[in-house]
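Asks: Read off the chains here:
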Amino acid sequence: DAKTTQPPSMDCAEGRAANLPCNHSTISGNEYVYWYRQIHSQGPQYIIHGLKNNETNEMASLIITEDRKSSTLILPHATLRDTAVYYCIVSQLLDSWGKLQFGAGTQVVVTP
Amino acid sequence: DTEVTQTPKHLVMGMTNKKSLKCEQHMGHRAMYWYKQKAKKPPELMFVYSYEKLSINESVPSRFSPECPNSSLLNLHLHALQPEDSALYLCASSQVPGNSYGYTFGSGTRLTVV
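In order, the protein sequence lines correspond to chains A and B. All letters in the first sequence, in the order written, are residues 63 to 174 by this note's numbering. All letters in the second sequence, in the order written, are residues 345 to 458 by this note's numbering.
Note that these hints are calculated values from the structure, not bench results. Among the clues, some could well be false.
Derived pair list, reagent style DSS-like, types lysine-lysine, alpha-carbon separation capped at 30 Å [stated by the list, open to error]:
hint, chain 1, residue 1, chain 2, residue 2
1, A, K65, A, K131
2, B, K397, B, K382
3, B, K353, B, K366
4, A, K131, B, K353
5, A, K161, B, K363
6, A, K131, B, K397
7, A, K65, B, K385
8, B, K382, B, K363
9, B, K363, A, K65
10, A, K161, B, K366
11, A, K131, B, K362
12, B, K366, A, K131
13, B, K353, B, K385
14, A, K161, B, K362
15, A, K65, B, K362
16, B, K382, B, K366
17, B, K384, B, K366
18, B, K362, B, K384
19, A, K161, B, K353
20, B, K363, B, K385
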C-alpha cells in the first residue's frame with residue numbers, strides 16, 4: 063500500500079473550517095483514500111473515503127486532487143468534539159489481506 | 345447493534361499471570377482484528393481473523409494467543425507478558441476482510457503489565 067504524509071499537528075478555532083492535508087504521491091490506480099479519526103481513549107472511527115471524485119457526508123468533505131497525489135479532509139464547522147487524531151490511509155477498497163494500517167496521523171486541537 | 349464491545353476496559357496483570365481480553369460484535373461481520381496501540385502512536389495490526397480462521401499474524405510473540413470461538417467473539421489470551429506489552433488493545437470488525445471503510449472499532453482494553 064502507498065504511504066501517506068500528514069502534518070503532525072494543527073490547531074483550529076471552534077466554528078471555523080478545519081482543512082487537513084494529506085500527501086500520497088505513490089498512490090496506485092485502484093487505491094482509495096480513507097480518513098479515520100481517534101478521539102482520546104476511544105477506538106478509531108471511520109469518517110469518509112474516496113477514489114478520485116470529491117465526496118461529502120454528514121461528517122466531512124474529501125477533496126482529492128486531479129493527479130490523486132494529495133487530498134484534503136474538510137471539517138466544515140469544527141467543534142470541540144472534533145479534537146482528535148486524524149488518520150489518512152491509502153488502501154484498496156477490498157484489501158484481500160485485511161490490512162488496514164495507520165500512519166502517524168495529525169493531532170487536531172479545536173480551541174474555543 | 346452497531347458496536348464492538350471490549351471487556352475489560354482496564355486490566356492490570358503481573359508478568360506471571362494469565363488473562364484474556366474479550367471482544368464481541370453482533371453486526372454479522374465476518375472479519376475481526378486485534379490492534380495494539382502504544383501511547384502517542386498509531387494502532388498496529390496484530391491479528392486478522394477471516395470467517396473464524398486466523399489469516400494474518402503480524403509476527404506477534406507467542407505470549408499473545410488469539411482465539412475466535414464463533415463469528416461474534418474474539419479473544420486474546422495473554423501469558424507471561426512483559427512490561428513493554430503495556431498498551432491499549434483495540435478490537436475491530438468489518439463485514440468482509442479488508443473492507444477498508446467498514447471497520448468498526450471497540451473502545452479498547454488498557455493493559456498494564458507490572
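Asks: Next, verify each hint and record whether it holds.
Replies: For each hint, the structure was consulted:
| no. | hint | in the structure |
| --- | --- | --- |
| 1 | A:K65 with A:K131 | 11 Å, holds |
| 2 | B:K397 with B:K382 | 26 Å, holds |
| 3 | B:K353 with B:K366 | 10 Å, holds |
| 4 | A:K131 with B:K353 | 39 Å, violated |
| 5 | A:K161 with B:K363 | 26 Å, holds |
| 6 | A:K131 with B:K397 | 36 Å, violated |
| 7 | A:K65 with B:K385 | 16 Å, holds |
| 8 | B:K382 with B:K363 | 19 Å, holds |
| 9 | B:K363 with A:K65 | 36 Å, violated |
| 10 | A:K161 with B:K366 | 21 Å, holds |
| 11 | A:K131 with B:K362 | 47 Å, violated |
| 12 | B:K366 with A:K131 | 40 Å, violated |
| 13 | B:K353 with B:K385 | 19 Å, holds |
| 14 | A:K161 with B:K362 | 28 Å, holds |
| 15 | A:K65 with B:K362 | 37 Å, violated |
| 16 | B:K382 with B:K366 | 19 Å, holds |
| 17 | B:K384 with B:K366 | 24 Å, holds |
| 18 | B:K362 with B:K384 | 27 Å, holds |
| 19 | A:K161 with B:K353 | 25 Å, holds |
| 20 | B:K363 with B:K385 | 24 Å, holds |
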